[in-house]
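Undergrad: Read top to bottom, the protein sequences are chains A and B. Just remember that the numbering used here sits 741 ahead of the position in the first sequence, which is counted from 1. Just remember that the numbering used here sits 741 ahead of the position in the second sequence, which is counted from 1.
One should not assume that every hint holds.
It does not matter which identical chain is used: a pair holds within one copy or between any two.
Keeping only pairs whose Cα atoms sit at most 25 Å apart, straight-line, the calculated SDA-like set for lysine to any residue is [stated by the list, open to error]: (1) Lys757 - Gly770; (2) Lys818 - Gln842; (3) Lys745 - Thr836; (4) Lys818 - Leu752; (5) Lys851 - Thr836; (6) Lys745 - Glu829; (7) Lys851 - Pro819; (8) Lys757 - Asn773; (9) Lys851 - Pro810; (10) Lys851 - Gln782; (11) Lys818 - Ala775; (12) Lys851 - Val786; (13) Lys757 - Pro772; (14) Lys851 - Asp813; (15) Lys851 - Arg834; (16) Lys851 - Ser802; (17) Lys818 - Ile847.
To be clear, the hints were calculated from the coordinates, so they are not data collected in a lab.
Protein chains: 2
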Amino acid sequence: MIIKQASQVPLKPVAKGIGIRWLLAPQDGTPNYAMRIIEIQAGIVFKPHHHPYEHEIYVLSGQGVVTNPQGDVAEMKPGTVLLIQPDEPHGYRNTGDTVLQFICIIPNPK
Amino acid sequence: MIIKQASQVPLKPVAKGIGIRWLLAPQDGTPNYAMRIIEIQAGIVFKPHHHPYEHEIYVLSGQGVVTNPQGDVAEMKPGTVLLIQPDEPHGYRNTGDTVLQFICIIPNPK
């Protein structure tokens, strides 16, 4: 059994105002899928993009919207759950004044 | 894209004081893995058990311990992350006075 506290997992920057904590990853021995926290700072836009694998998301804190190339799709707030399918375009925008923080599960990176 | 609010997903009882919300399941079109919330009421013990698939867990609220047949293994509190491997015995005990609530990801049930 592996036991961690999320706050002790380093926040790795991926772009200005956007970071990721790899809570459980293949180096921990995850058999099939990885658990991350994504953190997006107030005012930051994570532009729509896509990739050939799904996201399963649970919003922990903050306020935002999930977007696609056509515009805003839905509000994100604590307890919001999203299934983004493989190849489905998606982006995020923090619309609050605190960090938008969500769990995001992906298949194990190869 | 599927969008839900976790609180609107029904809590299905699985045993006295223990319930589960299937946030994202195969009927939602999950390609590989399912996202659930497990809720264990104050004072309730979920005895050690095992199954041939892993759990990836993130504690949302409450206080508890994760156990195995030999006893207590670790504290569970908000932000605690657990990887329980396939066939690894595990149980839970709510040691607080509020519901112990955690996200638990499993491979898609067959």
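Undergrad: State for each hint whether it applies.
TA: Right, here's what the structure says about each hint:
1. Lys757 - Gly770: neither (30 Å within a copy, 33 Å between copies)
2. Lys818 - Gln842: Both, since 9 Å and 18 Å are each at most 25 Å.
3. Lys745 - Thr836: between (30 Å within a copy, 19 Å between copies)
4. Lys818 - Leu752: For Lys818 and Leu752, both the intra-copy (21 Å) and inter-copy (20 Å) Cα distances are at most 25 Å.
5. Lys851 - Thr836: neither (33 Å within a copy, 39 Å between copies)
6. Lys745 - Glu829: This pair counts as between: shortest inter-copy Cα distance 17 Å, intra-copy 31 Å.
7. Lys851 - Pro819: For Lys851 and Pro819, the Cα distance exceeds 25 Å both inside one copy (30 Å) and across copies (30 Å).
8. Lys757 - Asn773: Neither. Shortest intra-copy (30 Å) and inter-copy (31 Å) distances fail the 25 Å Cα cut-off.
9. Lys851 - Pro810: neither (28 Å within a copy, 35 Å between copies)
10. Lys851 - Gln782: Neither way: Lys851 and Gln782 sit 28 Å apart in one copy and 39 Å across, limit 25 Å.
11. Lys818 - Ala775: both (22 Å within a copy, 21 Å between copies)
12. Lys851 - Val786: For Lys851 and Val786, neither the intra-copy (27 Å) nor the inter-copy (38 Å) Cα distance is at most 25 Å.
13. Lys757 - Pro772: Classified as neither: same-chain Cα gap 31 Å, cross-chain 31 Å, threshold 25 Å.
14. Lys851 - Asp813: Classified as neither; 31 Å inside a copy, 35 Å across copies.
15. Lys851 - Arg834: neither (28 Å within a copy, 36 Å between copies)
16. Lys851 - Ser802: neither (29 Å within a copy, 32 Å between copies)
17. Lys818 - Ile847: The answer is both: 20 Å in one copy and 24 Å across copies each meet 25 Å.
Checked against the numbered hints given earlier, this structure breaks hints 1, 5, 7, 8, 9, 10, 12, 13, 14, 15, 16; the rest are met.
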